[in-house]
Each structure stands twice: as C-alpha cells, then as structure tokens.
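*Asks:* Here the structure of chain A is known, so what remains is to put chains B, C, D, E and F in place on it, guided by the hints.
Protein chains: 6
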Amino acid sequence: MAHKFISEINPGETVDDIYLVKEAVLRSTSRGDLYIAMFVCDKTGQLNGRVWQASEQIYGEIPKPGFVHIKGRSEVYQSSLQIVINNISVIDASRVNIDDFLAHTDKDVDKMFAEVKRIVGTVKNKQLKAIVDEFLADEELMKKFCYCPGGMSMHHDYIGGLLEHTWNMLRAASAILPLYPEVQADLVLAGIFIHDMGKTEELKYDTAFSYTDSGQLIGHITKSVLMLHKKAEQLAAKGVQIEGTILDALGHIILSHHGEYEFGSPKLPATAEAFMVCYIDDLDAKMNQVTRLIEEERGDSNWTGWQKPLETKLYRRRIE
Amino acid sequence: MAHKFISEINPGETVDDIYLVKEAVLRSTSRGDLYIAMFVCDKTGQLNGRVWQASEQIYGEIPKPGFVHIKGRSEVYQSSLQIVINNISVIDASRVNIDDFLAHTDKDVDKMFAEVKRIVGTVKNKQLKAIVDEFLADEELMKKFCYCPGGMSMHHDYIGGLLEHTWNMLRAASAILPLYPEVQADLVLAGIFIHDMGKTEELKYDTAFSYTDSGQLIGHITKSVLMLHKKAEQLAAKGVQIEGTILDALGHIILSHHGEYEFGSPKLPATAEAFMVCYIDDLDAKMNQVTRLIEEERGDSNWTGWQKPLETKLYRRRIE
Amino acid sequence: MAHKFISEINPGETVDDIYLVKEAVLRSTSRGDLYIAMFVCDKTGQLNGRVWQASEQIYGEIPKPGFVHIKGRSEVYQSSLQIVINNISVIDASRVNIDDFLAHTDKDVDKMFAEVKRIVGTVKNKQLKAIVDEFLADEELMKKFCYCPGGMSMHHDYIGGLLEHTWNMLRAASAILPLYPEVQADLVLAGIFIHDMGKTEELKYDTAFSYTDSGQLIGHITKSVLMLHKKAEQLAAKGVQIEGTILDALGHIILSHHGEYEFGSPKLPATAEAFMVCYIDDLDAKMNQVTRLIEEERGDSNWTGWQKPLETKLYRRRIE
Amino acid sequence: MAHKFISEINPGETVDDIYLVKEAVLRSTSRGDLYIAMFVCDKTGQLNGRVWQASEQIYGEIPKPGFVHIKGRSEVYQSSLQIVINNISVIDASRVNIDDFLAHTDKDVDKMFAEVKRIVGTVKNKQLKAIVDEFLADEELMKKFCYCPGGMSMHHDYIGGLLEHTWNMLRAASAILPLYPEVQADLVLAGIFIHDMGKTEELKYDTAFSYTDSGQLIGHITKSVLMLHKKAEQLAAKGVQIEGTILDALGHIILSHHGEYEFGSPKLPATAEAFMVCYIDDLDAKMNQVTRLIEEERGDSNWTGWQKPLETKLYRRRIE
Amino acid sequence: MAHKFISEINPGETVDDIYLVKEAVLRSTSRGDLYIAMFVCDKTGQLNGRVWQASEQIYGEIPKPGFVHIKGRSEVYQSSLQIVINNISVIDASRVNIDDFLAHTDKDVDKMFAEVKRIVGTVKNKQLKAIVDEFLADEELMKKFCYCPGGMSMHHDYIGGLLEHTWNMLRAASAILPLYPEVQADLVLAGIFIHDMGKTEELKYDTAFSYTDSGQLIGHITKSVLMLHKKAEQLAAKGVQIEGTILDALGHIILSHHGEYEFGSPKLPATAEAFMVCYIDDLDAKMNQVTRLIEEERGDSNWTGWQKPLETKLYRRRIE
Amino acid sequence: MAHKFISEINPGETVDDIYLVKEAVLRSTSRGDLYIAMFVCDKTGQLNGRVWQASEQIYGEIPKPGFVHIKGRSEVYQSSLQIVINNISVIDASRVNIDDFLAHTDKDVDKMFAEVKRIVGTVKNKQLKAIVDEFLADEELMKKFCYCPGGMSMHHDYIGGLLEHTWNMLRAASAILPLYPEVQADLVLAGIFIHDMGKTEELKYDTAFSYTDSGQLIGHITKSVLMLHKKAEQLAAKGVQIEGTILDALGHIILSHHGEYEFGSPKLPATAEAFMVCYIDDLDAKMNQVTRLIEEERGDSNWTGWQKPLETKLYRRRIE
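Protein chains in written order, with my numbering: chain A, 1 to 320; chain B, 1 to 320; chain C, 1 to 320; chain D, 1 to 320; chain E, 1 to 320; chain F, 1 to 320.
Hints are computed from structural coordinates only; laboratory data are not their basis. It is possible that part of the hints are untrue.
All copies of an identical chain are treated as equivalent in the list; a pair is satisfied when it fits inside any one copy or across any two copies.
To be verified - Cut-off 30 Å, straight-line C-alpha distance, at most; resulting in silico cross-link-like pairs (BS3-like, lysine-lysine): (1) Lys238 x Lys117; (2) Lys238 x Lys126; (3) Lys313 x Lys126; (4) Lys64 x Lys313; (5) Lys43 x Lys313; (6) Lys129 x Lys313; (7) Lys126 x Lys286; (8) Lys308 x Lys129; (9) Lys111 x Lys286; (10) Lys144 x Lys117; (11) Lys124 x Lys313; (12) Lys144 x Lys124; (13) Lys22 x Lys126; (14) Lys111 x Lys129.
Chain A on its own, in the form it takes in the complex (with noise of 0.2 Å):
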C-alpha cells in the first residue's frame, strides 16, 4: 500500500501509517496528566504528534528518532495541523521503504554512475587513470557515493546528490575543456570524481541528514585528501606507485575547491586546473539552489523569500 504523505493530509482525517518520529518528549498537563508531545515525519514535511494518557513505559519505547507505526486522527489545533495518536507500535528500520523518508534524486542513479565512469574513463595519465580505477573498484565507497547526498541544505541536499552533483559537474567539464586547450583535462576530471568524496564519511543519511561527529571536526575536504592519500598507498602496495607532483596537484585541487579560505579552502587556486574545477563547482551547485528555490516557492508571487546566503530574493517570473 502506498504510503500516506505527511503533505497530502487534511483535517479530519484517519491516519494509519509508518512515519519518522523526531524529538518525542514527555509532559505533563495542568492536571498532572502526562502525555507525549513528537513530530511525525516523512520527507514531505511533518507535523506535531500528541500521544495523551502516555506513560512513563510507553514514551520509553519511542525510538529517538526512529520508525513508528502510527493509529490516529489529523484534527486543527490553535489553527495547525496536529495528529492525536491512539496507537503507536515501533517498526525495524529494515521494514521500511527510506525512499519515502528522505528525499531523493529525481534522476537515474544507475545511468548517471555510468556516465561517470564513461567520463572518467577518458583520462589518460596513467598514474591518474590507476587512482580513478582504485576508487572505481572500492564497491563499498561506490556504493556510498552514489547514495550520499551532495548537502546538508544548500544544494543537492537529497539521497543521490552527491553523484549527481559530481556527474554533473564532469559533464560541464567535458563540455567546456575544448575551449580551454591549455588546461589539462586528466586533472580536471580526475580532480571532479574526488574532489567532495569526502562527503561520504562527513555526512549521515541513514535516517536523516546531519554531520558525523568525524566530519563536524575534520570536514570534507581534508577527508578527500585522506581519502586520496589512502588510495595511493593501497596501490603502492600494489607495486603502483604514484608521484608526489600528481598526488600533489590532485590534492591541491581538491584543497582549494571552495575557492576562499572564508569557504574552508586551506589554500587558494594556484593552478589553471583548480580554477576551473572550483568555477564549475560553484556554477553547479548554484543552479541546483537557484533553480529548486525558485520552483519550491509556494504562491504565485514573483519573487522568493529573502535568501540569506544568496543576500538578495530571488524573481520568478519568465519572459518564455
């Protein structure tokens, strides 16, 4: 049975679904009486959640956070949407389908994998295309990769977007390299595959996105130049061996990715090659941001909201 969206609930409804609950906390009335205030989630949206007659045994069951099957009415309370909830039962994660919990890319994971690899596949510096193939084959990390999302919030902040935002990004780059003969394509691309793989132990997206404790203190950056280092000494185990000129402007790429110290780059672009990829970076995930603020808007007005990071609203309205 499909599942019932937290955004596609009305008043007055009965509500028999599995949902997220967040922030679940135990109080007590003016009576005395004790109930459980929570948010009920997907990744539509949520909404508040009242278990009343609760118990000190039953708000210990409550997973925090973590799935719950939910019996219960929707009713308006001081003019929202609440959900008074008559059963609640823990459901193992495993039973449930995490596409409906958090959002996901809308395009296809396998075909964009795929396309990277065919992009990468092009570079031709041998010890560039050994460090390519190293990460390649680490099924696990790929596995990641693809599911990793790009962001927390500010772009690609859904399962998939870190692949997406890295294909993307390979794509503008093969698109642009040809009027730019000078620049070195190999470390161009090579540098797009690794430059945010960090991400994938910075970040956490098994039930909701946040920051691992690893990644609060090391940041991705530094990680994809672990990461990178790492994968340079497996292959020199392998008898592979990989000069430190490469490993060096590879990481440097990825170093000064952000393009300013005040972005947590530890160095400034110093190449033609770091320029252009921190350029596409930056080009790519703003589109993504600009593109889905404007459609998320509700309403009809021609403009967004203030957007804080971007200092300016945002204008909808097309001359198509």
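*Replies:* Quick look at chains B, C, D, E and F alone, frame taken from chain A:
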C-alpha cells in the same frame, strides 16, 4: 620591411624604425646642456631613449605621446639597455602599422564575430531577437566591438579582446545550457552578447590602452544598460515595442554580472540567468588571466611571481 | 466621520469602519468548519481578524490586499487583541481616505516643493538649468516626486518622504556651499535634485510600501541615471544639446552617492561635488532615522532597543 | 632677505640660505674618501645635498635633524637636481623663520579663533558653557590649539590646520543645526570645539610634523577625553560641579566621532548629536583633502593620480 | 529556609517564596477582566506569572523590577510551566539574599583577592608599585572589584567574575613570564590588574546585570584609563609624581587589550607587554566561555548548539 | 679560519672566502664586453658582486644558487658596497659550514629536544602516547624536526626554529594547564607536539629558506594531518589500533590551530583543547616576532619602522 621589435633589440645595434614615444621630458645636464629623455615603445616593451644636444624646438616637435621615426644606436647604461637617438622625426599615425604597437588577439576576428552572430542568431524570443539585431545592425558599434580590448590589464587586455571574451563566453554558454534546462537560454545568450558592450565607450585604445573620462566616471556596467535602453528607444521609434519586463531581465543580468557589490555591481544576481552569466564571465576571465600569466612568466621556475589579485603564486609545472 | 485607528481600539469595543486587509487565508477548524484569518490594518498598526462560519465564496470576494468595511467586535485572545468580524464588504480604493492608511510627512508638501524649485532655480549653468527645468516640466513625474516615500524602512519611509529628504538636502547644501567655494554649487544642487528620482519607479506606494519588480531588478541608482539620459534626449529632440561632460559629471554624482560599493554604488565619489552630495545624503538620512527611532521608542527608558543597522542602542536622555 | 625656496632652485645656481637638514649620513667613496649625504629641505620640498671631502668632525656637528646655513651650488646628477655644499654651519632654531619650513593655513588665524569663540559663545547650557570657558581660559592650550596641524597627512596637515578644521566645522554646524531642531545644538557645538583637542598632545610640529610617543601610544581621541575630565576636575576644584551625564554625553561625542571601530573610535555614535559631529567632521576633512589633492596635482590631466585612501583617482575638469 | 529555585519547581506545586519580578504588565481578558502578567525570576531562570482578578492598585504596587513574596501554585499552560499567583507582597531588597538571584563565582573571593594582592605585590618598579597600591588602597573600589561581574554574557558573567578573571590572568602571566625574559613583567602585571577596572563603572549588578548609561556611552576601556589618570593625580597631590612614559605604557596596554579595532580597542598592541596582556585576556575569556558552554548544554549530545560568537558548535565528548 | 661575514666587510678590503651565490646573470657592457652580476650572500646579508671580463663558459660554471670561493675586493659604487671579483671557483656544499649561511636558534637544540621528550612523556592516554612515541621513534623525521625553521619570515625563521617554537609552546602549556583543570592536558600536549610537524615537508632549508612545491600546493596544516594518519596506519600495521575519535580530536586541533579561516585553517576551534593550542601558538609566535623586530631595529629611535602584518610601529623604550 618588418618592424624591429623592442624585445628583439640587442646591445650595440643600429636602430632605424618607427616607435611610439611616451613621457618625453626636457632636462639639463650638470653642465647646463639640454637633453631629452623619453620612452621608446612598441607592443613588446619599452626602452629609455636619450637625445643629447637637444633644444626647446626639437622637444616641442616631439608628440606626447605619438609616433616617431628614430635613428640611433642601442647601448647598455648602468646595466640597462637604452637608445641614443641621433635623429628623430614625427610620423603621422595613419602611416603606422598600429598592430606593431598594440597587442592583438591571436584568434581570427572575422571567424569569431561570425560565430558570435551565429550563436546569438539562435535566440528565439522575438523581443530579445529584435534587441540583439538592433545591436548587430549598428555597424559603427560592431566595428568597435570587434576591436576593443576586453580590459585594461587583468584579462583579454589586447585588441579584439572584448570580442574574444564575448565569443568564448557564448561558446561556453552554448555548451553548458543543455545541462540546465530550467535556465532561459535566450536571456543568457542575449545577456552575454551585451554585458560588456559599454567597454567600447569606457576604454580608449587608439595608441595605448586607457580609460576615457566618461568611462572612469560612469563605468561600463552602467554604460551597457544605457546602450540597451537607447537601442530599445530606437526600436520603439520604428514601432517595435520592447516590454519593461524584458528590459529589466536583461538589464539585471548586465548590472549583476560582476557578482559582488565590491566588484562594482550595483545589484546581486537574482535570477538563474544572471548567476549563469556571472559565473561564465568569471570563469572565462580567470582562464585567460591564469593561462597567460603562466605563459608569460620568464625563466623556468615551477612558480610564477606573486599574483596580488589572485593572492597566490601560480604553479606552472604540468603533469603531462 | 473620523477613522477609528487601529492603535485606538480597546478590548470589548464595537468595530465599524474601513480597513486594509492583508494576507487573508481560508482555514478549517478541528471540527471541519471553515473560517478566514487575516490582518486588519491602517497606518497605525494591524490586528488579527477572524471571520467564523466562512465559505469559499466569501473568501473569494475579499481583496488580497485591499480595502474592506468591517463590522465586528474587538476581544482579547491569548493575550492579544483580535477582531471577530460579523460582516465584511469590499470598498473601492477611490472611496478611501488613503491618508488613514499610509504614513505621511508632517511637513507641508506644497511649501517644500516651492522651496525645492526656488533653490534649484539658482542653478546658473545653462545646460544644468535646462536639465533641471526639463524634470520640473514633467508634471506626472513631479506629482510622483512629491508623493513617493524616501525609502522602504530606514529613513523618510512615508508619503512625501522623497520630497522632504530632497528638500532638506537642498537646504543643507545651500547652507554649507558658501564654506567651500571650490565646490561647484550648480552641480551639487542639480545632483541632489535628481539623485533619488529613480525611487519614483523603484517603489510602489498605493496601498502599502513595497518594491516594484523593476525596482528590485534594476534599483533606483541606475534608474535615476536612465531618467537623466532620457531627459537629455528629450532636450536634444527640442534642439537643446547637453554635452557628455555635463551628463557624466551629473551621472557620476548619482552613481556614487551611496559612497561605498557595499551600499550599491557602482562608482566611488571622484569629485568634490560627488563627495558633498554623498555626505549630505547620509547626514540627512541618519538624522531622520535617529530622531524618529528615538521618538517612536515606547516607554521611558534612557535607551531605545538595539538598532541593528546602526550596531548600537540609541541614547534618548536629553541634557536640556 | 626672502628665503630661496627649494621649489625655486634651478640647475647651475648658487645656493646661500638656511635649510632644514634631514637624515644626514657619513659615507666613503670607492677611493676611501669620506663624504656626507643629506636631505636639504624646506616646506616646498627637498633635494639631495653632498659635502665632499668631509670628516667625522664636520659630520658630528651637523644637527640630525636641524637648521643649517648652506653655501654651494645646484647641479643635475643622474637626471636629478642636487646641491654640492662647500660650506655648512649650524643655525639656532630661534633665528629661523619657521614659516619657511612648515606649511601654514592660508586663513587668518586671529579671525578664525575669534569666530570660534563667537560660535561656542552661543552655548546656553550652563555646565557646557563652563567647560567651554575653562578650555578657552587655558591660554597655553589655546595657543597650541591655534598652531597645531589638523593631521599628519590626510587633511589640514599644516600649521593652524586644527583651528581651521574646528572653525569650519563650527560654521557648518551653525548653518545646518536650524534644519534639525531635535538635535541639541549646545552639545554639538561644545563637542566640535573639543573633539580633536587631544591632537595638541598627539602631534609634534616644531620643525616637522610627527607623532609624539604619547600620541602614538594613546591617540588623540582618548587624550581629548582625558583633557575634558581634567577640565571638569579643575572646575570642581573651583566649586563648579559638572554632572556625569554632561561629561558622558560630551565624552561620547568625542569617542565616537570617527564613526567606525576600524577608524579608531572605541564607541559608535549613539545620539543624534554624535552622528552630526561625526558627519560634519568627515565632510570637512574630505572637502579639504579632495580640493587640495586636486589643486596640488601637477600637469593638466583631467585626473589626479590614484588616491589610495579614497580608492579612486579624482576628476579635476570643471564644468564652469 | 532555603530558597526554592525556579529550576526546581515542578508542575502542580505550591509556591511560597521570594522572587524577582520583571516586565510586569496589566492586561484585560476578553471578558474585560484585568490581570497582571510578569516574569518570576531568580538566578536559575524565569517563569511566566499571572495574577487573575487584578486591579490598577495592585499593579501599581508591584516593583518594576524588584523583589516580591509570592504565594500561588505552578501549573502547565500550553505546554509551559507558569505560576498562578494568589497573593503578592513587596519585599525590600535589604531583606533578600541577593545570592539567590545573581549567579556567583564558585571560587573563594577572599582567597582570590589575597592572591591578586600577592602577585601584584611582586611589582618592583616604584611608580608602577605606587599606582597599584593606590588602587588597592581604594577600599570602595576594591569592594566593587571583588563583586563586579566580568561581563554581561560572554564570559565570567557572574558576581565575582571580574576578580576571578583578573586573578586567573595574573596567575597565567606569572606562569608564562619566565619563558619570555625580554617582556617587562612589572608592566604586564600592573596592566592586567587595571585593564578591566572600568567595568566596575560600566556594569550595574544590584538586581540583574545591565550596562550603566555611562558605561554604554563611554565603555570600560576608556573608563579604566580615566581611573588610572585619576589615581595618578591623587598620587601627585600626595607628592608622588608618575612620569608620562609610565602612564602611557600602562594606558596603552589598557587601550589595546581587545587586540582589534573591531572589538573596541582604539589602539592596536605596539609593545610586547600589550601583546601578552591581550593574548592572556583572550585565552582566559575563551577558556571560561567554552568550558561553561560545554558544561551548561543540556542533554547528552556530543555537541552543543550553534555558538554564534564562535561560529561553530562545540564538541563535548572527552577522550578520557 | 673563521668566515668573514658579509656584515663585517668594509669598503676597500680584500675578500677571500666562501659565499653563497644567488641570481647570477650574464650581461654585456655598452662596449659589448660581457660581465657577470650576482648576489654574494651569507646569513648576515648580501652584496652585489661583479666579474668583469667574463665569458659564457665562466658563467656556465657558476651554480645558481650554490657555494663559491671568491677572491676580490670590496668597493663603494653609487653609494653601495659591492665586490669586484677577480677569481671565482665552485665549492661543494659538503665542504661548507652551513651555519655560516643559515641563521640558527641561539638555544641549545639537544636540551630543547630533551625537554620536549620529557613534557610529551607525561601524556597518559595510551593511544595518544602510542602516537607520540611513533613520531619520536621516527629518527629521520625527528632530525628534521630539530633542524627545520619555524617559518619563512614571520617568526622563528631560523634553523631549529620549529623545535624552539614547539618546545616553548609545550613549556607554556605545562605552566597554564593547571589553571584550567577541565581541559584535557594529554590532547593539548600531543596536539602541540604534532601541530606544525608538516613544516618539515613544507619548507626547504638546505641553502636558503623557501617553500617546497608540495608545501606550497598542500600546506603544513594538511601535511601534519596526513603525517598523523600515516603514523596511525603504521601503528595499526603493528597491531596498535588508534580509534577514530582520538584521530579526529587530534586532527581537529591541527586543522584549527590557525584560529581563523582567513589564516588557512579549514576548521575553527570547537574544543577547549583546540582553543588553548591556538592561543598558545599565536602568543608564542607573536612574542618571538615582536621581541625580535624590536631587537633588530637599527638606530636608537623609540619606535621601529611600520610593521605591516601588525598594522603598527612597535615601541622600544623600556621603563626599566
């Protein structure tokens, strides 16, 4: 006879050719004798020149700046090469091969302009097409557009540079637009075509590059918008009305294409099209700037000197 | 009958008057009954309004935003005053005393405009005089100039504010110019007169203050320059040629009058006249902003609340 | 006999006059002979001076810096004018016309000071009046106040500059205050009078302008506040008690008059009076700086050279 | 009887104790009945309080702010705890244990002050010693010094915080000075002792922490320098002359101890001693701030919430 | 025989010693004769050197840069000392006393390293201890650690500077840690020991200080983290597993120790330990920088010249 370039003059040679004179001044030696000091220039560089046994009359005849035929001899003085001038006569600018004195794009101007026309010819929106065609029909302006440098010093700072920059941006946009179907291609292409058009009024480039008074007071961004409105009024006079929404969308792209207030944009990008033009502009400018700084660095060091606007040295060693 | 202002409504009163409706939405109660929530506004503030037992039809008739005649009763709900509306009918804007809904300068508009004309009437330079007169002769524009607010929120944000700000700047310039005889008075006075003229196109101020689409995309600085050039072309059509140097000197004052790139000026002041207009503009804006923030602060504390744009609280205690 | 100014010396002239010596050093030629190199200065500029066949004794007698009578001859050496000195003798500063060596306001000091006294004489608040009078009664301080430069280099950097700047600010305030009736005129006038008083201790201006050690460590802003408190204590000793609120309001104007932390103000303006003093200070400083930079630029170019603190060139062409 | 702390009150309890009342307002219910809303506070937090069936007279008697004895009952209203007050009577501040209302250092004030005296007692320079002793001899000031908080909110924001901060800085300086023998220890120790002394006048801390008017207008940095000069004058009156160089060196440490203009220092550190005081101040402030933010975070997350002034979350998990 | 230092050479002396040659170029005189210009250097400075009557062959043999034995004579040319070289022969670096050419810590390296080992020997946490020991056991690295400069120019820019800086930071941490018992001492000490370890790979210091290519592309911060992870893998290979939480806590200290993004830290401090290392690092660097700038300033002025990175002059006069 081919021009003897400044960069080709060695110590102890006879000099007998046309050069650009700059900053000529009359001085007296410690014994009271008058002499003239000046710079002798062409597009490859400049040397000190000295006319000994000069008079106020000779000095008065020398253009400041302008072209002269010089006869003399090169010598090393205090470790620097200079030219001792025995004979100097004024040359009319019309008799000069200006290409010897102003650096020039190494691309084919006619082919670039043809491709510019071809790409903006794909604009389908009738009003945008009318605007683009009105610009293209302005022969005098198009002549300047094909001749004007792209800037004073940072990037494309040579005759034909504005055309080359616009041409390359249009090619990059054509290559990338298919990846972003939500972006209105007509606006992007028309915006790129016009975004720097005001440089034809901002810059002076007859004998050496400089700003016009008007350019320095008003700037090419505002000038491009003024030119856009002038073309719209010329169209209106012919009965072709351009709607305000079209002028505003296009004007906004021009005004915001420097991307930050600090770089002289009075508006920040607020449409996907404005963001795209801004990024392609910056990418193409940086690629031109970086690859030329790397090429022009003398010596065989792995690094260029410090590049103040980029806050880094540039790394020149290639992996290929 | 005098309008009953929002700020004068007490709990438990009958309400029977015309108000501005904003943000009306249709909602359903927990029992499924429909009701309408809205803001009921005039220039003194706004209250929540509720129409119980509403229908889609009633909701459809309510302007969004617009004027309505409301009959109902004020009551306190959850510590806030709200209006329970029993009857609501649409009112044509032409029947409304707009002064009840938009804050208005407390100065005499006619006197201010007469003094503006008198001061700019002292301009002696023939071309500047022709430009000023061409603006003054544009009756529709002058009507807007006398009515337009001086800004959205920071200073002179009321009907007639643009005139009041321009008038006060002209008076200040007249008072100060004799102290600086090197400064060209004609340029300063003409520059002040035109510097914010583009606000008449940037702002919308029929029922409530907001930006026009065009204003938000282009901004009043560029619009003022465009208006200046349009007037120059109208003069040219009449045979009165304005030299480029005059347009550039005046245009530069307009473009640079915000004084810093970060405040949206695409050029920094480069003439004594531009510096003077910039300082007088800032002084008059800050005096208006600071004295009104001090006056409008409720309570008798020695300090106002924190003023984010000024990065300080303001001290209200007077020594007098 | 009139002083022969440095700017009037031509090549091949006899020199026989008093000059300021700076940076005298003893050097040896390649043959081992000793000579003295120095700068020979007055308020119009400086030239290199050389004493050939020097000795340690002669060198020891030359003041570093100080005044000397020089006899010698001007000549051009390596394209620059220098003075070959045959005879040099020390001159006591008391015998020197210091006005030949320090630039001086071209306004009448007595008239300016009289007008300063007249304007601050309009202060009505008794305590502020007492403070102003206490400053005026300090003859030694007032003598310095009339003599001290207004700054080291940016504006009013000449003898009498502090007085001229204060005088002009008081005149501007008098002209503008009637436009802003809410602003407390007494505070503004007293604040202007005292705001830069600490410069009399911050700067040294006997032979050349420099900072005192104390001035560099503490700064004129804090010194002005310390002087204000000292005057208040002297009044208290005479039985005239100044309330803390008066001292704080006045002290706040002094502390905040640079308008931004980055310019050395430890407090931002928080009263209308502080804002007004800050703007008038900046306006008068910039008008002085800009008009003098324009006047002093040599040649007839429409533009001055690049002005780093203003981030622009200045446009000199007048429309008049 | 021990005070019942706000943080200890549970729903459904009888409340009968003294609390601090803040922001009391008189309101009317929808039926027109009057009630009083207020905050009921102590050092552990605040709750909403309601007096139903109130009158203007009762309201007039409640201090704003001040201490009251409250009898009533706690209950949950809309998920928040509030206190329904049946009886309220004013309490004189003298009868209150202020320590229940103001957070307090957990260190021993007497011991800290003794150690402060011991450490500054090691100052050998006679003039610095005289200044330090003059401060120590000012009993009223020393009482404030031992009681005053170290700041409003960022660090050491509790009674005794100024002493604790100064004490800890002196201990750190004593520990570090032997590593830097070129640094003049006497200046560092005297500088630390006086650097924040002006906070005793800048802050108000009788019932709750706030800025004095004078403190907000002038700031503790300038106030500390004024206090230093006052002490020097008191010494001078006793015949102990303090040289200007001593006052300047010490004053410079005070003025520059915030290290950057943007943090309110009108001078940047220009001596080794000023740098050392600046770093030790910042280190001690940050250690206090960070360790307390980590301790006070509720819950068992590995991270605190976002700390805006630090631009990061803080990581709480220990390796030990 | 003791080396004759550059700073000790006077005009007219015979020169016969080993020096470092830098930037040797072949030039021709105005008569067409070839000569070689170069810098003749040691750790005390550099002079111009000239080999007249040179040939391409002689020029080809001179190392660029490298060591040579020079015979010639010092003379003054155009007021500067230069060396006229009669005989020049190449010297193998192995025969050179490198200490004559590179500035060196004036502390005892062995004692400092012994104390470093003693202090980090107090680390109790087993995993941190294993990491520290693994670094200490790397003899080649420790040799570099004791020899490497602490920086290129700002502070500790001499052989042994990295050790001296680390040693002094460890001593300061040991002195201060008892004041902050909540701070985990083991992490602070291990963090200090490793924080700049990457400088051994970032800097080149065999004949003169410069960055390695790898150092300039990657930076010592990232290199230090890479070294930490390499040591952890070496330990893992020996069966000693280091937990991710330990590596992250330590890695975070390294990544954030510059304290601001703008100074090249990709992460801001988020633990008390990271803040402490950051402050001690900055304090020790500034103390070294400031005291050396004060010592090295020539002349007896109370002030050094302007120090651009500190935005101030430094005051040298002591009160002692």
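*Asks:* Output the numbers, in ascending order, of every earlier hint that fails for this structure.
*Replies:* Going through the list in order, the structure violates hints 8 and 13 and respects the others.
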